[in-house]
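Generate the whole structure from the sequences, applying the supplied hints.
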Amino acid sequence: MECSAAWRFLATVALASFASSAFADTSSTSWPQTQSEIKADTDVHFGTLANGMRFAIMRNVTPPGQAAIRFRIGSGSLDENDSQQGLAHVLEHMAFKGSTHVAEGEMIRILQRKGLAFGPDTNAHTSYDETVYALDLPEVDADTISTSLMLMRETASELTLDAGAFDRERGVILSEERLRDMPQYRASLGIMNSLLAGQRATMRAPIGKADIISNAPVDLVRDYYRANYRPDRATLIVVGDIDPAAMEVEIRQRFSDWKAVGPAQTKADLGALVTKGETAEVIVIPGDITSIQIAWTRPYDAAPDTLAKRRAGLIEDLGFLVLNRRVSAIASKADAPFINADVRTQEDHDLFRQAANEAGALSSAALVSAQAPIWSSDAPYGSFSRDGYSWNNDVWGPRAGPQTISVSGVNRWSVWSDQPNTPGIKSYPHVAFNIGKPLSSINTLSSSFNQEVPTGGAWDVAYDIWDSSNKHEIMLWTNYTGNSDGSGNVKPISYHYAPSGAAIPVYSNVNVGGATWNVFEGEGPDGHKVISLLRTSKTNSGTVDIKSILQWIKSKGYFGDIKVGSVQYGVEITSSPGGKNFNFNNWSVTSK
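Residue numbers for the sequence shown, in mature numbering (1 follows the signal peptide of the UniProt record, and there is no 0): -24 to -1, 1 to 568.
What you were told as hints is all true, and nothing was included just to trick you.
For lysine-lysine, the following DSS-like pairs were computed, each having C-alpha atoms within a straight-line distance of at most 25 Å:
no., residue 1, residue 2
1, Lys532, Lys413
2, Lys505, Lys532
3, Lys539, Lys568
4, Lys413, Lys568
5, Lys447, Lys505
6, Lys539, Lys523
7, Lys447, Lys523
8, Lys514, Lys556
9, Lys568, Lys447
10, Lys413, Lys523
11, Lys505, Lys90
12, Lys285, Lys15
13, Lys447, Lys413
14, Lys413, Lys505
15, Lys90, Lys539
16, Lys447, Lys539
17, Lys243, Lys185
What follows is a set of in silico ranges between Cβ atoms, one per label pair, in the way DEER data are often shown:
no., residue 1, residue 2, range
18, Leu294, Gly490, 34 to 40 Å
19, Glu257, Arg375, 35 to 41 Å
20, Glu257, Thr492, 50 to 56 Å
21, Gly238, Glu13, 36 to 42 Å
22, Pro40, Thr398, 38 to 44 Å
23, Lys530, Pro193, 55 to 61 Å
24, Pro40, Ala271, 44 to 50 Å
Source of the hints: derived by calculation from the structure; they are not laboratory data. Predicted model, so just to flag it, every value in this text is computed and none were measured. Note that CB positions come from ideal geometry on N, CA and C, so glycine has one too.
Listed below in structure tokens is the structure:
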């Protein structure tokens, strides 16, 4: 299951009221939706253990035979004391470095034996107010489910936090900090520090302080662990092709014995919101784009969810939609005074509610860009999901350099990447949409794309389509720096190469799926089949009939009635020295 399904479910949980089913317990640790007038989704099974840990389960058979687990600890960098800055994030890393029943390094091997890849299927993140551990299960047999819950239970209270393992991990975390230290990141911190001046959030960036990460004794990590990883701060969410009743039994068996160590830590004072009035600030970040933002902050609205509150939000969203269409039309003109602009409300970590009213800025010809991304990451495996799509930074190659992926909307995203001019693919930043259906049951599967690519470097913009067993990979190159005959500075995987080093196609000038392609056949490093189709005429926009292409490949005997897993679209980057930008202005998948 793609991460998006679990996060869609998280939204369902947050907006529902407490279920009155046999799965719901009575506990002092209640769900926030108990105060809401909106009825619970009857497909969601809520529960609270006697120790205060909450759980929620939902059966979702699309795609079949898969599931997603999210284990959320309601604690993040805001809960660190002055000497612990960055240690919430350190603790997240240490969750993979040994526990009472799992030796250091064994957790990843256990997951790999169950078919989970570290990064795409196994991940975690630390934010201001939460730490979330994520597993996407390719199978839902009893052993895979039991093993996954066992690992989450180990994370809850059984981490060994060995001093030697901590010392070995310091360099990894400091490297992540250096990768993150990009103009876009510094700009976002500068804006937040301006809007939230005097509040704790400005002093508790999740990445922390390098000197603390370099020198802190492991005992400080243990102190944070004992104080904040408590059952009354934990929520376990399971969504997928599972039996909710059996899942509840398993959760109770695994987690009922979890006990908090010591009294609960008092939540830190977040500070008071300071109203600045009509003031202006200039934030200078070398290397960042020029932008103008008009914004105001207001206290977070923590009132219970009601129909009236939703109606007010809907009216606000409709107003923003109208305005955003207007500014988008302006931005598309040749003489537009700005590249893009938008107006939105943004809620972050229950800390503040920001209304960025770029409408007032549109009269200024100085407006160049007025949009901050809704999500951005320079973490090698940073990922984000929304509305059925998931974005992944996916930096995995040898000697890879820094890279930042930013999402501005469901169909708009961009990548800045600075990869050295050395052999080998360094990254594949991409967006993905899960299909999870046999080819024979798909009536329509097509995709549209529109992108802007840089000059120079070595890269290919391509679809990457997998079957659900990961035995077949189909790549569709739409634009690339090499040549369609398999020569140049980027080449498709192939069984056969010419003396010149060019890959040799098995079919040439095949007209299928709305374009003409050269077709190459090869094998990935793990033995899976790779079929690559290179457009003979490179393009930055168009529509691809993916189903027709898959049917053509099937007709050549490469596979039978495979179950189509995910459709991905992004750029394989071999080199982009000095930093290059790739902008994806519109990408969508249609599947019926």
